[in-house]
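J.: Spelled out, the chains give:
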Amino acid sequence: MDMLNLYLLVPLAPLVGALAAGLFGKVLGRTWSHRITIALVAVSFMASLAIFQDVMAGHLFNGTVYKWMASGDTSFEIGFLIDRLTVMMMLVVTFVSLMVHIYTIGYMQEDPGYQRFFSYISLFTFSMLMLVMANNFMQLFFGWEAVGLVSYLLIGFWYTRPTAIYANLKAFLVNRVGDFGFLLGIALVLMVFGTLDYASVFANAHNYVNDIAPIPGLSVGLLTAICILLFIGAMGKSAQFPLHVWLPDSMEGPTPISALIHAATMVTAGIFMVARMSPLFELSETALSFVMIIGAITALFMGFLGIIQNDIKRVVAYSTLSQLGYMTVALGASAYSVAVFHLMTHAFFKALLFLGAGSVIIAMHHDQDIRNMGGLRKYLPITWITSLIGSLALIGTPFFSGFYSKDSIIEAVGMSHLPGSGFAYFAVVLGVFVTAFYSFRMYFLVFHGEERFGKAHHDHHGDHDDEEASTDHHHGLKPGQKPHEPSGVVTWPLILLAVPSVLIGFITIEPMLFGDFFLDAIYIGHDHHALTEMREEFHGAFAMALHSVTTLPFWLALAGAGSAWFFYMKRPDIPAAIKHRFEIIYTVLDQKYYFDRFNDWFFAGGARAASRFLWKFGDVKIIDGFFVNGTAKMVGLFSGVMRGLQTGYVYHYAFWMIIGVSALLTVRTWFV
Amino acid sequence: MIFGYHLLSVVIWLPIIFGLLVLATGNDRNAHLARVIALVGAILSFLVTIPLYTGFDRMTSAMQFVVREDWIVRFNIHYHLGIDGISVLFVLLNSFFTPLVVIAGWKVIEKRVAQYMAAFLIMSGLVNGVFASLDAMLFYVFWEAMLIPMFIIIGVWGGPNRVYAALKFFLYTLMGSLLMLVALLYLYQQSGGSFAILDFHRMPMPSLNAQILVFIAFFMAFSVKVPMFPVHTWLPDAHVEAPTGGSVVLAAIMLKVGAYGFIRFSMPIAPDASHYLAPVMIALSLIAVVYIGLVALTQADMKKLVAYSSISHMGFVTLGFFIFNAYGMEGALLQMISHGFVAGALFLCIGVLYDRVHSRQIVDYGGVANKMPVFAAFFMLFAMANSGLPGTSGFVGEFMVIMGAVKANFWYAFAAASTLIFGAAYTLWMYKRVIFGAVANDHVAHLHDIGTREIIVFSLLAISVLGMGLYPLPFADIMHASVNDLLVHLATPKVLN
Numbered sequence: 001m002d003m004l005n006l007y008l009l010v011p012l013a014p015l016v017g018a019l020a021a022g023l024f025g026k027v028l029g030r031t032w033s034h035r036i037t038i039a040l041v042a043v044s045f046m047a048s049l050a051i052f053q054d055v056m057a058g059h060l061f062n063g064t065v066y067k068w069m070a071s072g073d074t075s076f077e078i079g080f081l082i083d084r085l086t087v088m089m090m091l092v093v094t095f096v097s098l099m100v101h102i103y104t105i106g107y108m109q110e111d112p113g114y115q116r117f118f119s120y121i122s123l124f125t126f127s128m129l130m131l132v133m134a135n136n137f138m139q140l141f142f143g144w145e146a147v148g149l150v151s152y153l154l155i156g157f158w159y160t161r162p163t164a165i166y167a168n169l170k171a172f173l174v175n176r177v178g179d180f181g182f183l184l185g186i187a188l189v190l191m192v193f194g195t196l197d198y199a200s201v202f203a204n205a206h207n208y209v210n211d212i213a214p215i216p217g218l219s220v221g222l223l224t225a226i227c228i229l230l231f232i233g234a235m236g237k238s239a240q241f242p243l244h245v246w247l248p249d250s251m252e253g254p255t256p257i258s259a260l261i262h263a264a265t266m267v268t269a270g271i272f273m274v275a276r277m278s279p280l281f282e283l284s285e286t287a288l289s290f291v292m293i294i295g296a297i298t299a300l301f302m303g304f305l306g307i308i309q310n311d312i313k314r315v316v317a318y319s320t321l322s323q324l325g326y327m328t329v330a331l332g333a334s335a336y337s338v339a340v341f342h343l344m345t346h347a348f349f350k351a352l353l354f355l356g357a358g359s360v361i362i363a364m365h366h367d368q369d370i371r372n373m374g375g376l377r378k379y380l381p382i383t384w385i386t387s388l389i390g391s392l393a394l395i396g397t398p399f400f401s402g403f404y405s406k407d408s409i410i411e412a413v414g415m416s417h418l419p420g421s422g423f424a425y426f427a428v429v430l431g432v433f434v435t436a437f438y439s440f441r442m443y444f445l446v447f448h449g450e451e452r453f454g455k456a457h458h459d460h461h462g463d464h465d466d467e468e469a470s471t472d473h474h475h476g477l478k479p480g481q482k483p484h485e486p487s488g489v490v491t492w493p494l495i496l497l498a499v500p501s502v503l504i505g506f507i508t509i510e511p512m513l514f515g516d517f518f519l520d521a522i523y524i525g526h527d528h529h530a531l532t533e534m535r536e537e538f539h540g541a542f543a544m545a546l547h548s549v550t551t552l553p554f555w556l557a558l559a560g561a562g563s564a565w566f567f568y569m570k571r572p573d574i575p576a577a578i579k580h581r582f583e584i585i586y587t588v589l590d591q592k593y594y595f596d597r598f599n600d601w602f603f604a605g606g607a608r609a610a611s612r613f614l615w616k617f618g619d620v621k622i623i624d625g626f627f628v629n630g631t632a633k634m635v636g637l638f639s640g641v642m643r644g645l646q647t648g649y650v651y652h653y654a655f656w657m658i659i660g661v662s663a664l665l666t667v668r669t670w671f672v
Numbered sequence: 001m002i003f004g005y006h007l008l009s010v011v012i013w014l015p016i017i018f019g020l021l022v023l024a025t026g027n028d029r030n031a032h033l034a035r036v037i038a039l040v041g042a043i044l045s046f047l048v049t050i051p052l053y054t055g056f057d058r059m060t061s062a063m064q065f066v067v068r069e070d071w072i073v074r075f076n077i078h079y080h081l082g083i084d085g086i087s088v089l090f091v092l093l094n095s096f097f098t099p100l101v102v103i104a105g106w107k108v109i110e111k112r113v114a115q116y117m118a119a120f121l122i123m124s125g126l127v128n129g130v131f132a133s134l135d136a137m138l139f140y141v142f143w144e145a146m147l148i149p150m151f152i153i154i155g156v157w158g159g160p161n162r163v164y165a166a167l168k169f170f171l172y173t174l175m176g177s178l179l180m181l182v183a184l185l186y187l188y189q190q191s192g193g194s195f196a197i198l199d200f201h202r203m204p205m206p207s208l209n210a211q212i213l214v215f216i217a218f219f220m221a222f223s224v225k226v227p228m229f230p231v232h233t234w235l236p237d238a239h240v241e242a243p244t245g246g247s248v249v250l251a252a253i254m255l256k257v258g259a260y261g262f263i264r265f266s267m268p269i270a271p272d273a274s275h276y277l278a279p280v281m282i283a284l285s286l287i288a289v290v291y292i293g294l295v296a297l298t299q300a301d302m303k304k305l306v307a308y309s310s311i312s313h314m315g316f317v318t319l320g321f322f323i324f325n326a327y328g329m330e331g332a333l334l335q336m337i338s339h340g341f342v343a344g345a346l347f348l349c350i351g352v353l354y355d356r357v358h359s360r361q362i363v364d365y366g367g368v369a370n371k372m373p374v375f376a377a378f379f380m381l382f383a384m385a386n387s388g389l390p391g392t393s394g395f396v397g398e399f400m401v402i403m404g405a406v407k408a409n410f411w412y413a414f415a416a417a418s419t420l421i422f423g424a425a426y427t428l429w430m431y432k433r434v435i436f437g438a439v440a441n442d443h444v445a446h447l448h449d450i451g452t453r454e455i456i457v458f459s460l461l462a463i464s465v466l467g468m469g470l471y472p473l474p475f476a477d478i479m480h481a482s483v484n485d486l487l488v489h490l491a492t493p494k495v496l497n
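First to last, the sequence lines map onto chains H and W. Position one of the first sequence corresponds to residue 1 (our numbering), numbered consecutively onward. Position one of the second sequence corresponds to residue 1 (our numbering), numbered consecutively onward.
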């Protein structure tokens, strides 16, 4: 079989599914809609597996599918680049997507928009695959915006909820701010290199190391400018500070998509993109430094916010932000393979955590407030165990997948010498404690302790955000009602995701980080030897886990989990006291550092005010009022005067004649 | 080919003949007959334009399908027609829209049906004449004649303030056109007695000042039509008062003739003045993109919003022209085509809502998706196209122009790319308030979804928008030779020093 057909099958199968469920959903009905979409995503996954084998056998591919457009002497093409980085992403995307498709049967079973939902998630899978399989910048941008579109549609899936349609507009616009930079970066690439094809751009990049960017008024290195502009795109999509504001709000969407889009795949597109662009980023230390600092800020400060959230999904959302920050830091430290490695492990355990949260939400009848939960481990054993696995992986427990990736990031950052690496190291190490603390705070509040559900009146003395979020969707359990484990379509994906959450790190760390798994897909400059040094110290996955017990991150994680237990199980009065004592800090965290307030006031409000001013003053008053209607009035005035003179009486005309003649005579006698 | 030599004549006169035929059905007792004849005429008129595409020779930049007959011999004026890679697509676009407008007005227009349909058919023929004229006087006749049906459409079938809007539209555009006539007479005299546009192109114009004056005279005519900032204020008024069909044709077709004028007259006739004045033109274009993009944000009237969005999108067209490179030029032309589809579709969407609720105010809606899911899906597609989403036609032109602008100056591209944010903001914010949310009031609660007739119209537009977005090559291919030739021409100075 021609390999190109197999490559095409991977993205096109979900597209066909999306079209079938989207256009003919009514005819197909619910059952056939999910059967078709799931089968086609499964086909896509199997094809990806086949391609994986083929790629591991050494068959790479870089070629055109069709010519999209041509102009001047440039042609813009749709094409695939199939290398090991691509194929790894393809597997992650199709596997998580398949799990989420199956899970959706259970999660959305009562929803009237069932077929529409399947159509959207299949369309998302298509878009994401086009993004990772692209062999040029334009197609990357295509996929980039297409996943943004589906994210928009899915966050606003429950379009009657005011919070959901606020959140999806916000997500789209914030992403557009990132894309604004991204597109300018692409434009600079096209201008300088004359092509958008990855291979030719990467091959020629080193010729431009000393060039200055063609930006009048700024003297920045060309590659620095390109990389920072491209990274601004990544900041939008991968929710990096200060463009992170959309991600917590995106939790308004149904939980399956929070797992698929806002945790496992789409938000990692920025990480993938930077790893893909490693031949460019490696040539600009300024850009790398910038990347690292942004990542560090995100990793630490977004983690803090996770501590005070009470909505189960928002805790996981802030943890996602923080973990994306870790990946970004790794990119900045030139440890691209480590970032991608963490991307992969995170995809599994974070999808697991989200789907676990979704399972809890189903059992709680759509009450998402962790203060109303507690003791659920008795009722939801599978969810309990799998969520525990996810949490352990997240905080970096030795032997779990998250341990290998996160520990490698910390090590890589420790070996970086770029400006800002000191701060970044501090942020990622302290972040370990924070991660463990909020993860286990949530874990204990949900699964252990007193059973707080089933009380008729929940008192909402919490942050006003989840109240808003839950007003019309919040039923909760009735008094005396007990939660019970959802059906197999929900629990099986949890189990299937729990397996890689435990094992994938142990199995793949050696080939991915220290072996030649990525071959030439990732390029690392000669002076950046964090990975080389790590390789010297690496003595197998088992030894690494054992050794970790003697390192600081391990004890920080333990301390984090331990203090979560102490504060929320043993002495729940202490957090309350702290909240009172340090009201200011609490308020700042509760207000998410006032970013939303500021953006609403300055950007949204400012744009509206500018709009009204320009319209009322510029268009209506100056142009229309003064020039257009003013001209009309002048003409009217002038003709009015002229009309007044044309009376039709001969003696009036004779009178004016006499006046005229005398005036002329006067002029003649006096002035000549 | 069936009509051979006369093909372009048929393209122009067939819709006009059908228009007269429709008029002959008389008053509203024969309304149904008028509709049927109009639809048949519109479809036939579109079908006859297809050979223009299939028979088009892509290798040459020369005029094709040329018709040349004497007309007014004394002044050396000819009935001279022909199209090249630049004009061919606009003839097709225009003819494509006529059947859509006829179908869209099928039930909605109940008074003076024959006259309404006839006005559109006749206008369609006249617009084809504008794009196909190679004689400046013939062009001028079509150019001015085209105003009349539009004036009537707004003035007769328009909203409550239609007379003000129609007059504003007419006077605004007429004022500009008169200066163009002066320029044409000057060129006639300078060229030694020719009105052939191609002679004007080749004619030496060694004085930069003369070029600048000619450029400004044309600018007066064309900038109003585009419309460019600051002569754009007639457009929102005209759109608000025009009936749906009028808005569709105004946005999809009428605005294009202004931009077309720039590349058919101003730039090739006065290339040095074009270069000299390019900074001004670019500044005006960028003001259109940014300033108008902002103004669109807080419009309360959906039609005004889309009208402002049109001005902002047309800013990309003039920007693309005056950066003098292939990306910009082709991007601008593609943007013109795409804007035709997208703005036309958006006005049709607003028309669908207006037909049912009789309001264009955003506040009168909310939660329409609950009642009209199919409509909401189409509207979403067109809204996304208006926001320039890749995969839709709206992306192609903007992308190319931004790619071209960065070559001229990074900051041009920077300002232009802000449309990524503003375009999405005003379009999707409107969409959110109209379509999403809970059912807002009784009017919305009683809405019924679009029917077959409307689905056909929207499907044709959706296919165009997606087709052009996913595979723009056929659109770009046909214009390469002409655009390259034009760029070479523009790079050759007429001023000698």
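Source of the hints: derived by calculation from the structure; they are not laboratory data. Please note: incorrect hints may appear among the correct ones.
As the list claims (entries may be wrong) - Covered stretches of chain W (in silico footprint by chain H; criterion: 3 or more residues with CB under 8 Å from a CB of chain H, positions within the stretch not fixed):
(1) 319 to 328
(2) 358 to 371
(3) 410 to 419
(4) 432 to 441
C-beta: ideal position from N, C-alpha, C; glycine also.
J.: Any hints this thing doesn't respect? Which numbers, in order?
T.: none
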